[in-house]
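> Sequence:
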Amino acid sequence: MMCVDDTNLRPNLGRFLNIGVIDEPQAQEDDSVTAVLSSTSGVYQPPKLNPVFYEESGKNKALVRAKKRAARFVLEDPDVCAVEDLPKEIHFGSHSGDVHTRKRLDEKQRFEEDNFIRLHVTKQEKRMQRCLLSGGFADVSSKIDHMQVLLQSSDDEVDFKTYPNKKKKKKLKRVRYRKNKCKGWKKRK
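Using the UniProt record's numbering, you'd call the opening residue of the sequence shown number 1 and step up by one each time.
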């Protein structure tokens, strides 16, 4: 049997000392050689990173996300895939609450447009609008609302508004409480 040397199998830390050193020919400039020598002097120098600038604001990101989501819904819609033109507006649903809610919202919108007046929007109506827009009800007509998001003009994009999540609602609640506290209002018990 051959005698195997155990030192060849063990890690040798002496081999790892010269990993960062690059063997360069002597014909290059003196500045580059001094830079390599200074980088291996034992002092850690982090890599130089270029700054990255993000130009998009939160509203634009939310709008882009909504448009991507709407595009996905439109692509899944068989009416749009079958016909090259945009589909006709369809208002039917498998859920009777959806039809009733849509009728109420359409009636309110017609009244506001005819009388040039804005009516107060209740929390229940806001919730219903959000459910209709996000596809909360199981029907085909909710995909048409996504189509409207895709076809918005650039003027409408400025007014795009996302609904606050729980964290933002809590923060808004604290801000309102502080404002009322500064005005002398007392919190109700």
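In short, the hints are calculated from the structure, not lab data.
Since the structure is predicted, the reported quantities are computational estimates derived from the model, not experimental observations.
Don't take each hint at face value.
What the hints assert, rightly or not - Listed below are the simulated DSBU-like cross-link pairs for lysine-lysine, each with C-alpha atoms no more than 35 Å apart in a straight line:
| id | residue 1 | residue 2 |
| --- | --- | --- |
| 1 | LYS108 | LYS68 |
| 2 | LYS108 | LYS126 |
| 3 | LYS103 | LYS167 |
| 4 | LYS48 | LYS170 |
| 5 | LYS108 | LYS48 |
| 6 | LYS123 | LYS67 |
| 7 | LYS166 | LYS61 |
| 8 | LYS108 | LYS173 |
| 9 | LYS48 | LYS103 |
What the hints assert, rightly or not - If you anchor each label on the Cβ, the simulated ranges turn out as follows:
| id | residue 1 | residue 2 | range |
| --- | --- | --- | --- |
| 10 | LYS68 | LYS173 | 50 to 56 Å |
| 11 | ALA62 | ILE117 | 25 to 31 Å |
| 12 | LYS173 | LEU13 | 29 to 35 Å |
| 13 | GLN45 | ASN165 | 22 to 28 Å |
| 14 | LYS171 | TYR44 | 36 to 42 Å |
| 15 | ARG10 | ASN50 | 37 to 43 Å |
| 16 | ASN50 | LEU172 | 53 to 59 Å |
Note that the Cβ used here is the ideal one computed from N, Cα and C, for glycine as well.
> None of the hints should be skipped; say for each whether it holds.
Each hint tested on the structure:
no., hint, in the structure
1, LYS108 - LYS68, "holds, 30 Å"
2, LYS108 - LYS126, "holds, 13 Å"
3, LYS103 - LYS167, "holds, 33 Å"
4, LYS48 - LYS170, "violated, 40 Å"
5, LYS108 - LYS48, "violated, 60 Å"
6, LYS123 - LYS67, "holds, 25 Å"
7, LYS166 - LYS61, "holds, 19 Å"
8, LYS108 - LYS173, "holds, 29 Å"
9, LYS48 - LYS103, "violated, 61 Å"
10, LYS68 - LYS173: 50 to 56 Å, "violated, 31 Å"
11, ALA62 - ILE117: 25 to 31 Å, "holds, 30 Å"
12, LYS173 - LEU13: 29 to 35 Å, "violated, 59 Å"
13, GLN45 - ASN165: 22 to 28 Å, "violated, 42 Å"
14, LYS171 - TYR44: 36 to 42 Å, "holds, 40 Å"
15, ARG10 - ASN50: 37 to 43 Å, "holds, 42 Å"
16, ASN50 - LEU172: 53 to 59 Å, "violated, 37 Å"
The earlier numbered hints that this structure contradicts are 4, 5, 9, 10, 12, 13 and 16.
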